[in-house]
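As you go down the protein sequences, you meet chains A and B in turn.
Letter by letter, the first sequence follows residues 220 to 538 of the numbering used here.
Letter by letter, the second sequence follows residues -4 to 527 of the numbering used here.
FYI, nobody ran anything at the bench for these hints, they're computed from the structure.
Misleading hints may appear alongside valid ones.
Simulated restraints on C-beta separations [what the hints assert, rightly or not]:
#1 Leu21(B) <-> Asp454(A): 46 to 52 Å
#2 Leu445(B) <-> Gly284(A): 56 to 62 Å
#3 Val415(B) <-> His255(A): 54 to 60 Å
Even for Gly, the Cβ is constructed at its ideal location relative to N, Cα and C.
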Amino acid sequence: MKKYFQFIICILLISATCAVLDFALYPCTYMRNDVHTVTTEQRDVLFLGTSNGKMNIDPDAALAGTGLTGHNLCNGNQYPVDSYHLLNLVIEKQKPAYVIFDVDPAVFVTEKTRGNNYLLFYHEFPLSRAKLSYFADTVADCDLRAMLFPFYEYPLKTELSRMKDTVFQKATRNYDVSYLKGVTGEYHENGFMERYPVAPESFPAMSARTFTEEALVAENIHYLEKIIVLCKENDITFLAASLPQSDVTLQTFPEAFDSAWAYFDAFFASHGVDYYNFNTAHYDAFPHDVSRYVDYNGHMNGESARAFSEALGSVLGFR
Amino acid sequence: MDLTSNLFLIFVIAAVSVYYLAPRDLRWVVLLAASCLYYVSFGLRASAFFLFTALMTHICAVRMTDSSAGTGSSDPGSSDNGSSDTHSAQSIKKRYLIAGLVCQFALLAYLKYAGFAVFNLNRLFSAQISVPQLLLPFGISYYTFQASAYLIDVSRGLVKAERNPLKTLLFLLFFPQLAQGPIGRFDRLSPQLFSGSVFQWHALRTGAERIVWGLFKKMVVGDTAHVFRTAVFGDPETYAGAALLGTLFFSAELYANFSGGVDICIGIARLFGITLDENFKRPYFAKTLSEFWQRWHITLGSWMKDYVFYPLARTRAMTGLGGAVKRALPGRRLHRALPQGICSVIVFTLVGLWHGADWGNIGWGFYNGLIICVSELIQAAGKGKRGVSGKRAQTESGKQAHGGFGDALRIARTFAIVNVSWYFTCADSVSHALTMIRYSLTRFSPAAVLQIPAGRPGTGTAGTPFALFALACGILLMLVYGILCERAERDEAKPLPALPLAASFAVCLLLLVSIPLLAPAGAQGAFIYAQF
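Given only the sequences and the hints, what does the whole structure look like? Please build it.
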């Protein structure tokens, strides 16, 4: 009996250590706010996708005057597998009427690295069927740090510097967005990440853009199809949109972009999904001059993002 | 399922729980089911090859035992087993043995070496035979050797064949050792596998401790050293000054990665109350290369010794050679050393081949064998010393001679010899290895290592000092523990004290927590020896 209690105590101590370290060190990210919002409050329109969507779509601007509520659940490094499980989680908690998916071709030709990239989303999931499903699909294959010590994802120096705020926010269940204000931008309660303007001469180097059907990662397409099916099964209107890139970027990689647009045109047509491409069919809906962006990867500054969001709302038929 | 993945952790917890909940006589079934599940997770095609090997092994072993049973001498270990077999029974036994070994090694040779053979044939004869792209079943090098050892032991009458094919399957498939050994022996492993262990808290504790130690070694030391080693060998021009450190990093990486993985495997087996053979014994403390190979990958070494070296040494050719040398050079011990040296060269060349189907590995094995051969010949040719390397000089009291400084020199010498071979293991080609050796001697500048981006992805070299610090801490910990174990082994009167539970738990918890703090943040490196 003594050994049995010692064993239980050991297990409890290990669990407590992991929990305390996670509580103290894993920083409060805007994904924490995002997941909290969409699992506790009803939202009519959900935006899913990559960092382009995060920085270019202000749900309030896109849905102004429509009476609809929206939340931007986009994020950098969000692959279709993440979008699928995020949507799965939302559906478990509430039922949005629309899902707008930001189609960034670059994501579909890159493979998500097995490792810490899942934790940004997974860590914030409340205990739910969606979390178990997400674990089985992704985190199960990651090394055990992902499950036992998710704080390994961030530099210890950063975690220690933010520990006081982290503990306070978690202990008081504080979701105040003022903690998420940074040097380059600020996060808003509707999930929109506003970037402060950057002069074009200060843009970081342009990332190479390639897109061929041969380079498509099957898993990404598979999960995009699952998202479409999930929406159909739950009577959610699924709309796809490729957000505007700057003229400079479009003209630097014309073949890659043409190939991508042709592929997605055919893909969404075959799935009966309305696809709005702001680089082709809806090119004129929003200007593409580089001064509206903060880099060559399609991320807009806050003012331009709001203006684009209004245009997006109009094109999608909300306004 | 990777050994360090969450899925594997859950799998092991579930398997251990079900094992001890099952009735004792059915626990081997639980092990078999878990092992099957583990193996199938790597693909059904690979399973087909494994089943073929297991089936052939079982059939041949049973037939061999039956042929002996027909002569009334089926007891294992019977001293007159050979002589009382009739000639035909011996012939049948031999045929089944050959059939079994041919099936096992033909499959291994085809799947692992066909590509290499075809590539070289094409080069030699300017042919254009297409190089086959073959599936290499998971663990094939390990289970093939384990199966062949079993067959040979049955043929020698050392063990009796297992009649239950499912138990034979379990012996070959036992999942903790499938990934990277240790290569088990039937006489030691089977009783533990088949009888079902009684639950013991001590086994649970020692198993968990071993797993944590293995995880620490692999993830902190092995993976960190890997980052530095791949950078140095991947870009020799940029990091020329760190060429020497590159091979030292590989020393740390290979040992931590392999021994860490084996620690995890041994620890998992221990959770089931099963004791696997040790595969490492602090090899970098070896004073000769021969001793190094008695401490490194011990089960492969002992397999080679029992099933290749000794049979080879007892062949007529070798005994004849020994006799000829004795007649030609009486008074020296070369009549023993020369045949043994030649056998060592052959054995180690095979060890190199086992490690990989390329000339680099074969050359590496040959290099090791040659050094051992030459050292044995030199020792034998010397006056007043015993002629077989690996045996230390004896004092009058019969105790081992301890010479602190002398031992340190010999350890350093052996370490250097081993590290020279690592150049050829890490490099892409012989010329690349020679370039790295040249840079080590002519452009040594350890500060170059600070130019290696070893922090988090995207942070450049900002995290490099911390990564070096983490590596140094890990190596220091391993070194201190190694020294304590060496001393405890030398002085049996002062064994390493067992820590009380609280202290042991605290140490394990610290090691566990240090993994996320010290290990590289990116995706983990693979287990090097799991590719064989």
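Verification of the supplied hints:
1. Leu21(B) <-> Asp454(A): 46 to 52 Å: At 50 Å between Cβs, range holds.
2. Leu445(B) <-> Gly284(A): 56 to 62 Å: About 58 Å separates the Cβ atoms of Leu445(B) and Gly284(A), which means 56 to 62 Å holds.
3. Val415(B) <-> His255(A): 54 to 60 Å: holds (59 Å)
Hint compliance for this structure: every hint is met.
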